[in-house]
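Student: Chain residues, written in single-letter form:
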Amino acid sequence: MNTKGKVFKYPDNVDTDVIIPARYLNTANAQELALHCMEDIDTEFVKKVEKGDIMVAGWNFGCGSSREHAPLVIKTCGTGCVIAKSFARIFYRNAINIGLPILECEEAAEEINANDEVSVDFDTGLITNHTSGKTYKAQPFPPFIQNIIKCGGLLKSLKEGEDND
Amino acid sequence: MGMTLTQKILAAHAGLESVTAGQLINAKLDIVLGNDITTPVAVNEFKKAGFDKVFDKDRVAIVLDHFVPNKDIKAAEQSKQCREFACSHCVSHFYDVGKMGIEHALLPEQGVVTAGDCIIGADSHTCTYGALGAFSTGVGSTDMAAGMATGTAWFKVPSSIKFILKNKLPSNCSGKDVILTIIGMIGVDGALYKSMEFTGDGVASLSMDDRLCICNMAIEAGAKNGIFPVDEVTKAYMNGRCERPPVVYEADADAEYEKVFDIDLSEIVPTVACPHLPENTHPASELSDIKIDQVVIGSCTNGRMEDMETAYRILNGNKVADGVRCIIIPGTMQILRECVENGYYTAFIDAGAVVSTPTCGPCLGGYMGILAAGERCIATTNRNFVGRMGHVESEVYLASPATAAASALTGYITEPKEV
Numbered sequence: 245m246n247t248k249g250k251v252f253k254y255p256d257n258v259d260t261d262v263i264i265p266a267r268y269l270n271t272a273n274a275q276e277l278a279l280h281c282m283e284d285i286d287t288e289f290v291k292k293v294e295k296g297d298i299m300v301a302g303w304n305f306g307c308g309s310s311r312e313h314a315p316l317v318i319k320t321c322g323t324g325c326v327i328a329k330s331f332a333r334i335f336y337r338n339a340i341n342i343g344l345p346i347l348e349c350e351e352a353a354e355e356i357n358a359n360d361e362v363s364v365d366f367d368t369g370l371i372t373n374h375t376s377g378k379t380y381k382a383q384p385f386p387p388f389i390q391n392i393i394k395c396g397g398l399l400k401s402l403k404e405g406e407d408n409d
Numbered sequence: 044m045g046m047t048l049t050q051k052i053l054a055a056h057a058g059l060e061s062v063t064a065g066q067l068i069n070a071k072l073d074i075v076l077g078n079d080i081t082t083p084v085a086v087n088e089f090k091k092a093g094f095d096k097v098f099d100k101d102r103v104a105i106v107l108d109h110f111v112p113n114k115d116i117k118a119a120e121q122s123k124q125c126r127e128f129a130c131s132h133c134v135s136h137f138y139d140v141g142k143m144g145i146e147h148a149l150l151p152e153q154g155v156v157t158a159g160d161c162i163i164g165a166d167s168h169t170c171t172y173g174a175l176g177a178f179s180t181g182v183g184s185t186d187m188a189a190g191m192a193t194g195t196a197w198f199k200v201p202s203s204i205k206f207i208l209k210n211k212l213p214s215n216c217s218g219k220d221v222i223l224t225i226i227g228m229i230g231v232d233g234a235l236y237k238s239m240e241f242t243g244d245g246v247a248s249l250s251m252d253d254r255l256c257i258c259n260m261a262i263e264a265g266a267k268n269g270i271f272p273v274d275e276v277t278k279a280y281m282n283g284r285c286e287r288p289p290v291v292y293e294a295d296a297d298a299e300y301e302k303v304f305d306i307d308l309s310e311i312v313p314t315v316a317c318p319h320l321p322e323n324t325h326p327a328s329e330l331s332d333i334k335i336d337q338v339v340i341g342s343c344t345n346g347r348m349e350d351m352e353t354a355y356r357i358l359n360g361n362k363v364a365d366g367v368r369c370i371i372i373p374g375t376m377q378i379l380r381e382c383v384e385n386g387y388y389t390a391f392i393d394a395g396a397v398v399s400t401p402t403c404g405p406c407l408g409g410y411m412g413i414l415a416a417g418e419r420c421i422a423t424t425n426r427n428f429v430g431r432m433g434h435v436e437s438e439v440y441l442a443s444p445a446t447a448a449a450s451a452l453t454g455y456i457t458e459p460k461e462v
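Going down the list, the sequences are from chains Z and W. If you count by the numbering used here, then the first sequence holds residues 245 to 409, one letter each, in order. If you count by the numbering used here, then the second sequence holds residues 44 to 462, one letter each, in order.
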């Protein structure tokens, strides 16, 4: 599994209130919500994002609210992956549970620039910046989490476990 | 090697003799919680995955609190979906308008959560219940769906940071000033993935409302949970209130902590977190030239009875400054009722404030006090991110109920007087 696209770059402490403002949370419809993804810090994002594009951010990405709508809108917009120096823990969990690929890699998050062309190989954790020619290796997930991702999310992995019992 | 208080509870719920930091476990859950924003997503996932019943109708709690009484048609549809799910699964802890409160004020008050519990909630401030000596953490809707279906959740056992509290708070400070000070010290990711364990002789001087407020904002330091040991104050609070018997765990004497901080409560000062991060803290006394348009006293952080008492003490017989809107939101119906019975409600109105029924409302920019461009609010809420309470060019300053009430009277950020 992999993704390739252009980079949208964001700073440290991107919170779930700017990823999807709570004023829109009177619906759980992902398509409707996705129209407002990142709008409080980047009104251009939803206009410019294309399938497979990559978000690159600093420390503590996704801090704040537990709203699963946050990784969901990022995924629904077509974003192929989020690379950050670190993720807030609930966002990290939610991203895995809903099947939004995320990678922690400090060096890549520091060096990759906005609009760079980047590809990510999720099986190996290899991040390639085609614009600069540099490659990076992200932390691999523990096998337990790899299984959730492989199954397509937490509930599917639970169902699979149930069926195997 | 010994275990921390959090690790003790997790080990017991995973059926293990011991656990160590970093270990992945599957733990049994005592309560699975959701609200009117997160439950609809969970219900959709629950159904999509083909689950047809909840693991235990008495261990699921659904609280309508974010946008109720329904702020608009879409919110009404979400409430309806929660109501129908709760009804069809006979969820015993379903709290609708008239009975509801802000979830993290309500569940401890109603005795739904107790010491020794392992709790997940699809709301980031679920970490509040650590004040009772429970392991309690915020998760997303899919985790809530899985928790409702299986009664279990996976966790990576956290390492801990220990905060040793000493002495007593000055009379113009409360739990809010303690946790804002700590977040200012360690930063918004200072406890990322970790447990914050509060201990020391100073704990005894903190009320349950102080402890609930402190644990509530553990997430604002990135923590997985915040937790206090159970002492006489906790036992007195739980006695006759909790529907299940409390189980008291203690940290081992040789438990390992990643870091240890000594906090002298007597040195805490009224503290304010300036825009746009909770770590951006300053003493209230240094911010006296900041003019405010709105005051909000309420939320899962500071909508409890002591917070109302503090607001009453400062506002009673005085007037909210011209040009300032002061919005007071008691956290639960019981707290609202006490405000009425004690004459606080009348005093708030006479002071020129408005009083709402319980709601998360303005805290997350939902309704009931949204800010226009350029407006400033001092709030007893928990987040001051960009656009959190309204327009992206509005500002939220986080403070204690005493500081917020004192500021309401002057129209500027004001350090509350010692009493």
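The set of hints was computed from the structure by calculation and includes no laboratory data. These numbers come from a predicted model, not from an experiment. Even for Gly, the Cβ is constructed at its ideal location relative to N, Cα and C. Do not take every clue at face value.
[Stated by the list, open to error] Which bits of chain Z does chain W cover? Going by a derived footprint, with three or more residues having C-beta under 8 Å, they are:
# : region
1 : 255-268
2 : 291-299
3 : 327-335
Student: Each hint needs a verdict: does it hold in this structure or not?
Tutor: Going through the hints against the structure:
no., hint, in the structure
1, 255-268, "holds (count 7)"
2, 291-299, "violated (count 0)"
3, 327-335, "holds (count 4)"
Consistency with the previously given hints fails for number 2 only.
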